[in-house]
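Peer 1: Construct the entire structure; sequences and hints are all you get.
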Amino acid sequence: MKSTAAPWVRTRLRSAPGASLALALLVAVTACLAAAFPRALERYEDAGLRRSVEQVSHSRSVVSLFAPAPLPDLPQDQREQALRPATVKRQYDSILGTVRRPFVPDLSQSSYGVTTSVNQEVPEPWLPRPSGLPARVALVAQAGLADHARLSEGRLPRASGTVTATTPEVEAAVSTETAKSLRIKVGSVLHVPGAGRDALAVRVTGIVAPHDRDGAYWATDTLLRTPALMRISPSDPDSPRYWLGALLLPSEAAPALLGIEGLPYRYWRLAPDPNTLHHRDLGALKSSLAALESGPGLQQLRTAIDPLMDAQTDLDDVLASYSRLHSGVSALISVAAFGSGTVAAVVLAMAGGLTAERRRTELALLRARGASLPGLAARLLAETAVVAVPAGALGLAVAVWALPGARALPAVLAALAVTVVACAALPLRAAAAHRLVRIPALRQDVTSVRPSRRRTVAELTLVTVAAGAVVTLRRQGTSGGSGDQLISAAPVLVGVIAALLLVRLYPLPLRGMAGPAGRLRGVVSHLSLARAGRSSASAVLPLLALLTALTTASFGGSVLAGIAEARDHSALLAVGADARLESMVDSLPAGLTDRVRRVSGVRGVAAVSVAYRAKPNDGRQEVPLVGVDPGGYAELTRRTGLGAFSEGVLKKGRGGLGTGAVLPAVASPSVADAHGSAPFPVGMEDGSSVTVRIVLVRDVTPAVMGADFLVVDRAGLGATAARPTTLLVTGPEADGRALREAAGDAASVRLRADERARYVDSPLQSGVEHLYTATVAAGAGYAVLALLLSLLRAAPERIALLARLRTMGLTRPQGRRLLVLESLPQAVLAAAGGVLTGWAAIRLLSPGMDLTAVALPPSVAALEQTPLHTDAWSLTVPALAVVAVTVGIAGVQAWWAGRRGAVRELRAGDTK
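Position 794, counted from 1, in the sequence shown is what the numbering used here calls 788; the numbers after and before it change by one each time, with no gaps.
It is worth saying that the hints were derived from the structure and are not from the lab. Treat the hints with care, since some could be wrong.
[Said to hold, decoys possible] Distance ranges between label pairs, derived from CB positions: (1) Ala558 to Asp588: 30 to 36 Å; (2) Arg152 to Ser227: 35 to 41 Å; (3) Thr458 to Ser288: 49 to 55 Å.
Positions of the beta carbon are idealized from the N, C-alpha and C atoms, including for glycine.
Peer 2: Put into structure tokens, the structure is as follows:
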């Protein structure tokens, strides 16, 4: 009878289905998380880029190209032909052909046409004249009006015959808002002054309403849909005003603009398509815009269309602002990714090590019977790949399905890396352990084994490289690409140094405590220390996993706490208290303060008067002067921590409150530097004057957000100037709706909570926070798994030990205490090392890191940087969790060992 050999892979999988299933689950989950990370990050980056472009006005995001009308010295028919719709449309198509990807115009919102550069006065007396000045109009012949508007009244304008510069009358439409504000009706005629000819009559034939009033077609130049009340001198609030509106001509009527003084010009506005914006194309997008705005693209258009063509856009500034935001958050998210990825890789290596340890006798027997090391490694690789490769593919498929809309290559590479590590862990560990054929290995006790010279040299080399990288990061900071890579590796580098040092130092306290513990009554303490000293000397890997996870968790917790603190502080600076009720026009009603005090959740109310246009020394410089009740306002400054001072500061040396009294004042540094400590007069808005003397300097004050202010006792102000204009309310739980009802139309209401919520305005910011939290949580989960694998490796020996000790009279409570005390030294070592490494990593990175980019949107100007600092809870809670998990696992092991019989553990021939 012919014998057949059983297939190796199938036999091994059938012999240990539970271990194979566990490995498949570990690889699938790890591959899914690894593949999901770059896809989620890319989605957040793309959403953040699109939000950055969409939240700015279209006048900034649209690329505008324009060219003047042909010069007057050219033939008139040639000038008119240049403004006709066919010519402008052909030039628009030429521009679209010149634009390079990845900048893709949104054709549904892009526009082109002809308009006037000088607004024209119209003499019609029925138009509104707020200051007696005639209204002005801009004449716009923009293509596509019928596709972007619906008729509200009348009909769309059209051109009769061929329009030239001498055409006496044209038709136009106006928006519903323009018609309402300028009292224009269907059939109204406006006369625009001509240039060397009679006035151009513009007859309004229709009133239109935009389909999408906020789209780029209408909102790039808002005058198309919304008239404006202009001032002759915009900087003077008392300057005369006049109305400015737009008359929408048909594109065929554009040549008529050559007959007025409006100086017409052609324009082409390219609105970016948000759906085509991707973070990965950011560099190419900037290059495409630069080429179109001032590079070879613009030169090509000048050659093809008009030598005087020019381009303008603020989209490049918007992209630069997004780049600054992204650079601020990328360093933070890379720390979590690198740390958690390292922990996951260590767990996969430990899983392979656990399998190699479980099969140590089997593999040693194969080597003794002549199995070659490459052949043995190949067999182990094959049996691992059969499980890991399908599991990795499954994890990748789940990640791609759960997070669509991102590139596949980064996810594939991440899942492939996980699969390769999982497949190689067992063969490499087995090859290292069974490189030589020898008798069963002796015990490798941590307190007795002496590290080999080879290991010592390797550890010293690794520590030197890690320490050199840390010193380089400390000296050079986080600027440049190398700095970003060092930031990512900082927790791992610090963890490597700490793990190697702690493993070397770990035997010393065990040896020192062994003697005193032997003199204690009972055997549990002495035996637990002896057992802790007999643990494996190769404990660097699990310790590295724990230290890296603890460092990443501590760093991440401190980052999240710093972000929350920065937002709270910025919101407090913006509002001045938990709520702010303010009237910018007049003083507040007399009974409003009492009504606000009765609102639910209000703890205190400080009434202040703010004169924003007070003038020290009767000069031209304006400084906000705040009149306060010293007691209530001093209490507010203490509660908020904004420029705290005592009540007596504003009363000290004040003297009387009559005419000529000198009021003590708290001032900002800039005001104090400008006026010193001598008394000086301050002119108030109501025409009165007070004399103040600066007695204290503070950087900020709750009533005013700015670098300049004066704070005085409002009892020393005149009756008009002392009337409260602002209420500062303390009480985190104050009912905002009730405050708005109490204020009515008398004051605006701002809540600190609403201001804080406004700071997260970018999906990139919120996404990075969520991704950071999830990554740190995943790292913590893998750290617990590493701890569990480390304890499971010694579980058979522990259970056998308890069985033997029970035959000698050890009780179950003593057995539980034995396992718990045996596990405590390593747990305390990891916890203490985690606290130290977390503190060291934060101290290392804090000088070069600013959380402002993550905490606040680019639209909010931060008054100060937000440095990274240690958070006590983030340092201690993960460390205590490690100790608690260790004790819990040891207790479960003792309970499980007590349920099993001792016969199985004490059978003859057991090598445990």
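Peer 1: Taking the hints in turn, state whether each one holds.
Peer 2: For each hint, the structure was consulted:
Taking the beta carbon of each, Ala558 and Asp588 are about 34 Å apart, inside 30 to 36 Å as hinted. For Arg152 paired with Ser227, a C-beta distance near 40 Å keeps the hint of 35 to 41 Å intact. Here the CB-CB span from Thr458 to Ser288 is close to 50 Å, well matched to the stated 49 to 55 Å.
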